[in-house]
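S.K.: Here's the letter readout for the chains.
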Amino acid sequence: MTELAAAGALAPATADADAGTAKVLSVRQLAWRKFRKNRLAVFGLVVLALMYLSAAFAGFLAPYGDRETHAQFARVGPHGLNLVDTEGQFHLTPFVYGLERTMDRKTFKQVLTVDTEKRYELRWLVKGAPYTLLGFIKSDVHLFGVEGDGKLFLLGTDSKGRDLFSRILYGAQVSLTVGLVGVALSLFIGISVGLITGYYGGWFDEIVQRIIEMTLAFPQIPLWLALAALVPPTWNSIQIYFAISLVLSILSWGALARQVRAMVLSLKTSDFVRAAKYANASTGRIMFKHLLPGTMSHVLVVATLTIPAMILGETALSFLGLGIKPPMTSWGLLLNEAQSVQVILELPWLLFPAVFVVLTIISFNFVGDGLRDAADPFSR
Amino acid sequence: MLAYIGKRLVIMLPTLLLIMAVGFFIMQLPAQDYVSQYVARQGQMGNTTAMLQEELLRQQLGLDKPPIERFFYWFFDFLRGDWGTSFVDSRPVTTIILERLPATLAISSLAFLVSWGVGIPLGVYSATHQYKTGDVALTTLAFIGIGLPDFLVAMFFLVAAFLASGQVLLGLNSPEFVNAPWTLARILDFFSYAWLSVTAVAFTGMALIMRVTRNNMLEELGKPYVLTLRAKGLPERVVIWKHVFRNALHPLVTMFGQVLAFLINGFAITSAVLNLPTIQSVYLSATFQQDIFLAGAILILIAVTVMVGNLISDVMLAWLDPRVRYD
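If you read the protein sequences in the order shown, they are chains C and B. So the first sequence is numbered by our numbering: it starts at 1 and just counts up by one. So the second sequence is numbered by our numbering: it starts at 1 and just counts up by one.
Next comes chain B alone, as it looks inside the complex (with noise of 0.2 Å):
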């Protein structure tokens, strides 16, 4: 077990130096750079002194150097923690990061916990109540979740709350809150107002993992042990949760790492229609506006998280089937 955790993570090193490089020369790639927008935006509102100084920024942030070069430098650079200095706001890259994680990570773990919690306990309910009203409500609903984009279910909860309270929630607190000390008022006031960022992301992910079990649910009542079991008189709660849930909980684990994925990606949109002070919403404008370190730095973050993710996800199933082999 332990050689096998090793292995991976052996082979996730050489992956993520790919995934570096890719990332860094994907954010080179455009034609516009990050000092020719500038100067264009300059440009626009009539400084055209800009114009003359166009070399000297790009002297001054190192984008006059060839590709290659800048990439060890960056990359040697970002192993020991200096990950660059954002072109927009010319503060370093790790300081806006850090500044956003507390967020970041306080709406994901929620939104994963809600996405599990309330996912798996409705696809129960729907298996076993098939074809019944309950379940199949609950079944459009999840086939709207999965079907409707993710920026859209964010914009039907920031509606619907406006129709039912009159208040636009968007970000995580109310404006009087945003630079106060979290006190105990504060952290009340996050979450009567993040609950709707939270439902919002968690809403899609929760949906796919209700069809999962459903289906997961329904191919295990089907088999004969569990005739066998009900056979024996045992309580229908017991038939249930101690032997078809356990058995139906396997290819859900597998979906652990996708579900993971699947947060972190709707989350990068959807931060930007809720305005949350996440990473994924620095990400999306940071994109926009070819900030190349500040860009890269998280996309890599994503994608090592992503990476564990998965990571963790087949640890799981290996840890909870024996079956599985280590190869």
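Chain C on its own, in the form it takes in the complex (with noise of 0.2 Å):
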């Protein structure tokens, strides 16, 4: 990369000052340099992206379907791979040992074994349970699995049977979206009301202001239990899901269109917008095409760090039974099934969900914070 960057009109003026020998960067290139920077931002936006792969391709990626069952093995501990059998011996292909369900004579318990004797391969691209891809290609072909009657429970197996791994990556593409979802909502509502109050001002202003005031001294997670408690339980998984994000965004609007207020009460009275207003530009056109570019940066670090608490909030709802119902399953539905010590200390794998919550917070939470940074790509 040597040639000289055509910079757009935002770029430093610095290029005819020593053409040829320096670079310009555009404003969004300084933004990224800075962001790149932040060794936390990049890695969590690297988990986020891995996250979020995994979620689009939870079909292909999970070794069964999220509903398929397996009675006999039910509660089955994270059940892995391995290399070396127990004769010592290095297998070149990860294998896995046949599980057999059997009762002890004496105490007429279930009882799960181990059997050494039988192994199975894992295999590439195997088939298995059908599902539908991004929602338009169907397929039955899994990225790996065993074959035969061999199983592979990575992560073990809930109260009735179900793969966990299998279930958390299905759980992903909801407890990931729903966030999503109702960060846009919530974008749409804030970005257009910052607008038009920032713009307008007067008692329009004054009213909408009183009325965010009000949604911010809410409570939040008591305003959202109330709210979820008014899902009808006869809706169906999408009527539900829907249901859930606009929950999740009812109360976070109000500080997104304060942001956005502040950024246009101080941008409409620059130069760019009085040679607009001169040049009799629309007043959509003012507030879309140049007041609105001028948020941004700011709108998306609010965002950003707005996720996180959405994910929580629908992990929260969905834990206590307000939340996602089955069929469909989420993150916090799947934690739902560890409610009680007593169950935490039987099958503690159950908590493995909570470690995937963990590692999407934070990872929001860093991009967030190189954002920030990267949002004023002047500063120092």
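Hints may contain errors.
Partial list, computed: chain B residues near chain C (C-beta under 8 Å) [unchecked claim]:
(1) Pro-14
(2) Ile-19
(3) Phe-143
(4) Ile-146
(5) Pro-149
(6) Leu-152
(7) Val-159
(8) Ile-264
(9) Ala-268
(10) Thr-287
(11) Ala-295
(12) Ile-302
Among the chain C residues that face chain B by a calculated CB cut under 10 Å, a handful are [what the hints assert, rightly or not]:
(13) Val-208
(14) Ile-211
(15) Leu-227
(16) Leu-265
(17) Leu-267
(18) Thr-269
(19) Leu-312
(20) Asn-365
Hints were generated in silico from the structure; no laboratory data involved. Here the structure is a predicted model, which is why all the values come from computation and not from measurement. Built from N, CA and C at the ideal position, the CB exists for glycine as well.
Using the hints, build the complex out of the two chains.
M.R.: This is how it looks when you write it as structure tokens:
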């Protein structure tokens, strides 16, 4: 990259001073550079990218379907891959041992024994439960799995014998997107309200500000609970999903609207807006073409930092049984099984979804911090 | 200053009115009210006569009148201190709330103290030992605290306490003390039991305060005046606590209200998990059972607490920082 970058109108005008040697970076490139410097932010971005990709391709990546039950193998702990067998022999292909359910003759309890005689090798691209990818690709090929009677429960199974790893991947589809839909909704409301009130001001602005103050004073989780209790139990999964994201966004648009309004207030007196007015630009054009882009960087930061709160909200609601309902699944709903100390002590692997929740929330926070630095690329 | 507080209080009134209205109508919205839930439950148990009494029950509870009319009755009764009667255990709402107020206040104030009292020193330590082992460990802990849902924090604490002591520390007192009078023995028992709930509730808030303190401290530590102070030969302790810390405190004060709201929010779910006799856990069950007067009253109480918390934090900020303008 030695050629002179054809920078846009936003680029710092140093190009002609030492043309040929200096590289002119656009604001966007500067911001990206700054973002890249923040190691944690890049880490967060990579983790999130992986998470969203695996959620999108959950059907392909998961060895089993999300509703596929293995009734014989309920409450099985993580049953992982091995490379070295009991005789100390190394195998190039990972394998799992066979599982067998037997009755203990003395206690009449069902016990699970690992049958080290039987080895099932890990196979790539095996056929299994049919699924639909991204809503239109129908397939039954899974990235990996074991063939025959072998079972591959990477993170164990739940009380109904469903593979937890597969269910976490499917749950990610709900947990990771419910926040996005919620934020998209509050972005839409927040930006429109912020633009209009900031630009026009006056009594309308006053009233809206009071309403926003009220929403900010409202205790979030109690209101979420009350609203989530409104969702009729007869609704289907998709309706409940959107209802929950609506509930999550109902309080968060206020903070966004305030941010946008404050920025519009300072931007609307600037020269470029006056120039646009004299050029007879319509109000809509001034608002969306000239004012909106100026607020975008901060809106992005606020939005990124709002998503984790919404994801946690969904988790909490589903944990309490007020959120996502089966047959749809989410991380909160998966954690709903781990309600008591006894269950956790008996089936500690049911807490694996929590690891994914924590990783996601932390990553969003890292990315948000990185974006905050990058939003102001000229500061040091 | 007084005028500022007065103005803020005046603004709070219409906000409160709106919150009451919104709270009331949210409680009214579900298609299934308490009576239909009750009748359905009775029907499941084979009691079909309840079905015939449905309208009568509704009349008794005043649920047959139009919502607007009921709102005004409820609203004026509420102002007079009559907060209605709980449908579920047919006792006055005020009695139920008062009964649970001591425990709620005890745990929330303890949790509040712990989250600030522990979070700030840890944050200062983290900032003054940036990138050292202690800081890395604390930062990791803080991020886990921020990332982990509150109810799971409580869960983990419960499990850890069980593994350590073999006791399930649910509630606030061991079973033999629950109905005992408040003697010294019960107080000691309370502390040996309640530390778990308090720490669990305080954990997320503590993590948040720790992070903010660390960031503020680091920002202040990078400023030239710190260099001057050190060049003057002031002991590091004085530089940190007398100068840097004081300047780093301002953004924390704005967080006062936020942390309060945070505690109250997180509390609702933690209470349910830990089975604490608090207002929040009643709120949860009241919401589930459509016990509208009880849930409504608690929602309003919580909203008022959050509003007062915000006011206190604004007033404290204005008092601490003369640059803040009152408008």
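S.K.: The structure should be examined with respect to each hint, and the outcome stated for every one.
M.R.: Now for the hints, and whether the structure bears them out:
1. Pro-14: holds (7 Å)
2. Ile-19: holds (6 Å)
3. Phe-143: Holds, because the Cβ-Cβ distance from Phe-143 (chain B) to chain C comes to roughly 5 Å (cut-off 8 Å).
4. Ile-146: holds (7 Å)
5. Pro-149: holds (5 Å)
6. Leu-152: holds (5 Å)
7. Val-159: holds (5 Å)
8. Ile-264: OK, holds: Ile-264 (chain B) within 8 Å of chain C, min 6 Å.
9. Ala-268: Since chain C brings a Cβ to about 5 Å from Ala-268 (chain B), closer than 8 Å, the hint holds.
10. Thr-287: This interface hint holds because 5 Å falls under the 8 Å limit.
11. Ala-295: holds (7 Å)
12. Ile-302: Since chain C brings a Cβ to about 5 Å from Ile-302 (chain B), closer than 8 Å, the hint holds.
13. Val-208: Status violated, d = 13 Å.
14. Ile-211: With a closest approach of 8 Å, the Ile-211 (chain C) hint holds.
15. Leu-227: holds (6 Å)
16. Leu-265: This hint is violated: Leu-265 (chain C) lies away from chain B, its Cβ roughly 14 Å from the closest one there, beyond 10 Å.
17. Leu-267: violated (21 Å)
18. Thr-269: It is violated, given that the least Cβ distance between Thr-269 (chain C) and chain B is near 19 Å, above 10 Å.
19. Leu-312: For Leu-312 (chain C), the interface hint holds, since the closest Cβ of chain B sits about 5 Å away, which is under 10 Å.
20. Asn-365: This interface hint holds because 7 Å falls under the 10 Å limit.
Comparing the model with each earlier hint shows violations of hints 13, 16, 17, 18; every other hint is respected.
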